[in-house]
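Protein chains: 2
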Amino acid sequence: MSKDATHINKSINPAFYKTRKRQKTINTQELATAIAQGDITALSQGITLIESTVQSHQDKGQQLIEACLSKANKSVRIGITGVPGVGKSTFIETFGNYLTSQGHKVAVLAVDPTSSVSHGSILGDKTRMYTLAQNPKAYIRPSASGKSLGGVARKTREAIILCEAAGYNVIIIETVGVGQSETIVHSMVDFFLLLKLAGAGDELQGIKRGIIEMADAIVINKADGGNTKAAKLAKTAFAKALHLFPPKPSNWTPKVTTCSALENTGIEEVWKLISDYTATTKTSTYFETKRAEQNKFWLLQTIENKLKDAFYVNEKVVSKLDAVLSKVAQGEVSPFIAAQQLLKLANE
Amino acid sequence: MSKDATHINKSINPAFYKTRKRQKTINTQELATAIAQGDITALSQGITLIESTVQSHQDKGQQLIEACLSKANKSVRIGITGVPGVGKSTFIETFGNYLTSQGHKVAVLAVDPTSSVSHGSILGDKTRMYTLAQNPKAYIRPSASGKSLGGVARKTREAIILCEAAGYNVIIIETVGVGQSETIVHSMVDFFLLLKLAGAGDELQGIKRGIIEMADAIVINKADGGNTKAAKLAKTAFAKALHLFPPKPSNWTPKVTTCSALENTGIEEVWKLISDYTATTKTSTYFETKRAEQNKFWLLQTIENKLKDAFYVNEKVVSKLDAVLSKVAQGEVSPFIAAQQLLKLANE
Chain A
1 MSKDATHINK
11 SINPAFYKTR
21 KRQKTINTQE
31 LATAIAQGDI
41 TALSQGITLI
51 ESTVQSHQDK
61 GQQLIEACLS
71 KANKSVRIGI
81 TGVPGVGKST
91 FIETFGNYLT
101 SQGHKVAVLA
111 VDPTSSVSHG
121 SILGDKTRMY
131 TLAQNPKAYI
141 RPSASGKSLG
151 GVARKTREAI
161 ILCEAAGYNV
171 IIIETVGVGQ
181 SETIVHSMVD
191 FFLLLKLAGA
201 GDELQGIKRG
211 IIEMADAIVI
221 NKADGGNTKA
231 AKLAKTAFAK
241 ALHLFPPKPS
251 NWTPKVTTCS
261 ALENTGIEEV
271 WKLISDYTAT
281 TKTSTYFETK
291 RAEQNKFWLL
301 QTIENKLKDA
311 FYVNEKVVSK
321 LDAVLSKVAQ
331 GEVSPFIAAQ
341 QLLKLANE
Chain B
1 MSKDATHINK
11 SINPAFYKTR
21 KRQKTINTQE
31 LATAIAQGDI
41 TALSQGITLI
51 ESTVQSHQDK
61 GQQLIEACLS
71 KANKSVRIGI
81 TGVPGVGKST
91 FIETFGNYLT
101 SQGHKVAVLA
111 VDPTSSVSHG
121 SILGDKTRMY
131 TLAQNPKAYI
141 RPSASGKSLG
151 GVARKTREAI
161 ILCEAAGYNV
171 IIIETVGVGQ
181 SETIVHSMVD
191 FFLLLKLAGA
201 GDELQGIKRG
211 IIEMADAIVI
221 NKADGGNTKA
231 AKLAKTAFAK
241 ALHLFPPKPS
251 NWTPKVTTCS
261 ALENTGIEEV
271 WKLISDYTAT
281 TKTSTYFETK
291 RAEQNKFWLL
301 QTIENKLKDA
311 FYVNEKVVSK
321 LDAVLSKVAQ
331 GEVSPFIAAQ
341 QLLKLANE
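In the order they appear, the protein sequences are chains A and B. So for the first sequence, my numbering puts the first residue at 1; every next one is plus one. So for the second sequence, my numbering puts the first residue at 1; every next one is plus one.
Once the Cα atoms are required to be at most 30 Å apart in a straight line, the calculated BS3-like pairs of lysine-lysine come out as: (1) B/Lys60 - A/Lys308; (2) B/Lys308 - B/Lys296; (3) A/Lys240 - B/Lys248; (4) A/Lys282 - B/Lys327; (5) A/Lys296 - A/Lys60; (6) A/Lys320 - A/Lys306; (7) B/Lys327 - A/Lys74; (8) A/Lys296 - B/Lys296; (9) B/Lys344 - A/Lys147.
In short, the hints are calculated from the structure, not lab data.
With the hints as extra help, turn the sequences into a complete structure.
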């Protein structure tokens with residue numbers, strides 16, 4: 001966050017900082033109150049608790065989420081993906097600044113499972129979105145790091161709750177699209193936006209399988225200068241391709257539009273499109289239903305992940321797993337029999 | 001199976017039947033030997049063991065699979081899906097009879113999670129594939145029944161091993177495409193075929209999301225009479241749409257072809273296509289790699305399913321789950337905290 005923003009927000013509740021310096025331990029209720037007042041430093045501290053690997057921090061993080069839940073949910077959550085080079089940073093910066101100019105408060109989070117390796121390959125460098133980082137109505141947080149996509153995703157999903165409690169009403173989740181990260185981001189957002197460039201011909205090449213089907217909108221970026229014509233052609237090609245897919249459960253027909261984040265054209269149209277989507281799906285109650293389903297999905301997903309985690313750290317399982325996998329791969333033992341053997345081992 | 005087929009196969013090892021009648025218990029080694037000799041009655045009995053809900057049968061079934069594993073794997077496994085009315089039965093019958101005329105032995109299995117409800121909505125009625133059921137080189141087995149898709153899928157996957165051990169070198173797995181059944185069939189076959197009809201315009205309408213991306217070939221059936229022109233147009237539309245997708249890990253470009261199962265035209269081309277696929281992917285070793293990956297997938301999948309099953313039958317979990325799901329859906333409690341609470345309950 002920018003120094004300006006900190007300054008502005010610190011002024012909201014100066015007592016909080018005094019209290020915190022006196023007490024060495026963190027009072028989650030006070031932190032929740034500060035977050036609800038829009039205090040960016042408190043928000044960052046809260047997210048740090050969530051992201052911590054220290055158990056006592058995690059426990060406080062969970063208390064904080066519980067305290068913030070009643071204030072969450074009043075936002076539109078937008079997932080944005082696109083291959084490197086498509087101009088995601090520039091788009092998010094231009095889009096974010098447009099939104100704040102319209103009175104919105106914008107939080108930008110990221111799901112990047114490679115961040116622990118690359119020390120933040122996206123959003124790590126705030127100079128990437130310099131003007132948005134300076135914008136007092138915007139909050140940018142780099143991707144949590146973690147060994148597993150599941151872990152990174154959980155932290156991001158919990159950070160959404162804190163950002164919403166802090167009054168951010170547009171939450172943007174960026175993903176680089178490594179592994180299953182798009183699918184996981186899709187399961188935590190209301191609207192999924194695929195950013196594309198106009199190419200030479202095969203417009204859908206280079207996109208991972210399944211992404212097109214997840215998109216609620218395809219936005220063709222860099223529709224400027226000599227690219228304008230190609231972008232228009234790409235728009236037509238995508239619109240035709242999307243038309244071939246079966247209808248979505250939302251009954252929303254995915255839209256294709258062009259923009260130039262650099263020249264700040266077409267940005268308003270993207271927001272109009274998302275507003276149309278939320279209006280339509282709120283009328284049909286699909287919006288709320290989808291969020292409820294996503295919450296349930298995360299409950300069941302968390303249970304499954306924790307069950308698996310417990311199994312795969314079992315020492316007896318660890319000592320045998322590779323050999324068993326190899327035998328199964330070679331067809332020397334049936335997968336079902338091997339599974340039974342490993343499960344028996346784990347329960348011994 | 002037809003009476004003729006039984007008769008022919010009984011003659012292979014008449015001693016087996018005498019032995020079996022004397023002994024009340026089943027000797028799995030003898031059963032495996034009979035299966036390896038192509039004995040259809042032994043094969044059916046083996047599959048019945050696998051499908052049984054009686055623990056002692058299941059144990060014998062697992063022994064049988066172990067005994068058959070070394071003889072399995074020498075086949076091409078073809079998944080076939082398509083909406084009701086597309087002519088799956090007629091296609092499989094014509095295709096199967098063509099294959100046996102070329103010297104192949106064809107087994108037809110099914111994954112139909114609704115079979116326990118409808119008492120076999122597909123393949124239950126052998127009159128559906130009357131001539132194939134009479135064909136001594138073909139073996140048709142209705143879908144296993146079961147409460148869960150996972151259970152039905154496991155049984156089918158184990159039946160594949162027995163069929164291969166019995167010398168069937170083309171295994172066809174039919175699915176009606178209920179729920180996730182296509183995905184599960186896709187994970188047990190080498191080649192995935194989507195059967196379609198020529199429609200009025202939006203050719204991909206009515207297909208579940210993701211199916212197109214799984215298909216190695218789209219075959220437009222009923223390309224006969226007044227439909228011929230529409231089928232050709234559909235072929236062009238699909239070919240264009242498929243071209244828009246990114247390349248598959250197999251490096252195989254999905255093909256589109258037309259046929260008339262009723263008039264027996266275009267059937268040879270379908271087989272040629274599949275043969276091209278197996279030749280190409282065997283040269284690149286993708287064929288073997290994919291099977292090894294599928295085996296590992298099934299090992300991990302089975303472990304996960306069994307871990308989940310154990311959790312969700314836990315009485316304490318059962319007594320709380322609905323209330324917790326409802327709270328989570330409403331956003332009253334965070335999915336992660338709820339998951340921890342349920343896991344704690346299960347371990348108490």
